[in-house]
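S.K.: Protein chains in written order, with our numbering: chain S, 1 to 167; chain H, 168 to 334.
Warning: the hint list may mix true and false statements.
Said to hold, decoys possible - Calculated pairs, BS3-like style, for lysine-lysine (alpha carbon to alpha carbon, straight line, at most 27 Å):
| id | chain 1 | residue 1 | chain 2 | residue 2 |
| --- | --- | --- | --- | --- |
| 1 | H | Lys199 | S | Lys160 |
| 2 | S | Lys127 | H | Lys266 |
| 3 | H | Lys266 | S | Lys82 |
| 4 | S | Lys64 | H | Lys260 |
| 5 | H | Lys249 | S | Lys127 |
| 6 | H | Lys294 | S | Lys160 |
| 7 | H | Lys231 | H | Lys199 |
Unchecked claim - Here chain S is said to cover these stretches of chain H; the calculated rule only asks that three of the stretch's residues, wherever they fall, bring their Cβ under 8 Å from a Cβ of chain S:
| id | stretch |
| --- | --- |
| 8 | 245 to 257 |
| 9 | 296 to 303 |
To be verified - Here are some chain S residues pointing at chain H (derived, C-beta under 7 Å):
| id | residue |
| --- | --- |
| 10 | Tyr4 |
| 11 | Ala42 |
| 12 | Tyr45 |
| 13 | Leu57 |
| 14 | Thr102 |
| 15 | Ile146 |
| 16 | Arg152 |
None of these hints come from the bench; they were simulated from the model. Just so we're clear, the structure is a prediction, and the values are computed from it rather than from any experiment. Ideal Cβ positions, reconstructed from N, Cα and C, are used throughout, including at glycine.
Protein chains: 2
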Amino acid sequence: MTFYDASVPAFLQILGSLSGLLSKAEAHCAAKNIQPDVLLGARLYPDMLPLSRQIQLACDFAAKSCARLAHVNVPSTPDTEKTFAELRQRLAKTGDYLKSFTAPQFEGAEGREVTFPAGPDRTVTLKGQQFLNNFAFPNFYFHAAIAHGLLRHNGVEIGKRDFLGVK
Amino acid sequence: MTFYDASVPAFLQILGSLSGLLSKAEAHCAAKNIQPDVLLGARLYPDMLPLSRQIQLACDFAAKSCARLAHVNVPSTPDTEKTFAELRQRLAKTGDYLKSFTAPQFEGAEGREVTFPAGPDRTVTLKGQQFLNNFAFPNFYFHAAIAHGLLRHNGVEIGKRDFLGVK
Chain S
1 MTFYDASVPA FLQILGSLSG LLSKAEAHCA AKNIQPDVLL GARLYPDMLP
51 LSRQIQLACD FAAKSCARLA HVNVPSTPDT EKTFAELRQR LAKTGDYLKS
101 FTAPQFEGAE GREVTFPAGP DRTVTLKGQQ FLNNFAFPNF YFHAAIAHGL
151 LRHNGVEIGK RDFLGVK
Chain H
168 MTFYDASVPA FLQILGSLSG LLSKAEAHCA AKNIQPDVLL GARLYPDMLP
218 LSRQIQLACD FAAKSCARLA HVNVPSTPDT EKTFAELRQR LAKTGDYLKS
268 FTAPQFEGAE GREVTFPAGP DRTVTLKGQQ FLNNFAFPNF YFHAAIAHGL
318 LRHNGVEIGK RDFLGVK
């Protein structure tokens with residue numbers, strides 16, 4: 001087992017399941033005559049981010065975290081997606097990006113220092129393992145699970161198995 | 168870095184932050200004259216589990232997953248908590264249980280097989296690393312983040328920093 005095994009596949013699993021959630025959400029819109037924009041813009045509370053941003057942030061935390069761990073340039077992706085199809089494409093592209101990493105790039109990454117922005121005016125430096133545990137995973141799963149909760153709250157018929165990506 | 172470092176501290180961080188979320192939720196109830204039972208029983212959708220169960224399940228996924236990885240008896244905890252204080256106690260006890268594990272107990276656990284129930288009538292066997300990535304973490308973070316979203320949806324003034332346990 002390698003540090004690659006501890007990181008990249010975990011992100012990939014949930015990126016895939018989020019794509020499935022969006023497909024069910026889109027079908028729900030069609031079945032219930034809901035404008036897709038309404039669900040894409042839905043929020044759990046007025047000062048929370050809408051569904052589309054939750055998905056974009058999950059993608060960003062996956063892609064940027066892996067880049068930081070592998071010490072390659074951190075990708076920057078404009079948040080332009082306006083439809084379910086475009087968000088699924090963003091998820092797929094993020095997945096393709098993650099699949100481009102190789103286990104040797106992560107060799108020793110658990111002990112290497114990662115410096116990352118934590119808020120607009122400060123950076124934090126952590127060893128790779130702590131970065132993954134304390135920052136990357138909790139942020140990534142947070143946005144993914146909030147997206148799921150938001151869809152559930154809006155009546156989309158999904159369950160935890162959809163979130164886990166279990167058949 | 169060890170497999171212990173990849174698992175136990177990640178759970179501990181969020182167990183601690185959930186305790187903080189519950190304290191803010193309790194203070195919110197007091198300030199807004201909300202019966203605590205109402206918030207403890209709140210759901211994001213009628214067929215979702217209420218706040219108290221989300222917390223209990225986060226505790227269970229943390230405790231049971233670590234037990235399975237260390238190949239010790241899997242603890243069973245009755246879900247009797249009825250107040251914010253009792254739920255914080257459950258979180259604290261779960262944290263104490265996790266702190267009782269030692270790094271040597273997790274040595275080689277990433278490659279050891281774990282067999283666990285997945286639904287009422289079947290078990291799944293995975294290597295420890297996959298069990299952690301594919302099952303333990305996503306389930307644990309799911310219930311923790313749903314609890315957070317549920318509190319946010321009910322107007323409790325918390326943010327992602329509270330979820331991450333960042334000061």
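S.K.: Kindly indicate which numbered hints from before are broken by the structure, ordering the numbers from low to high.
M.R.: 1, 3, 4, 5, 7, 8, 10, 11, 13 and 14
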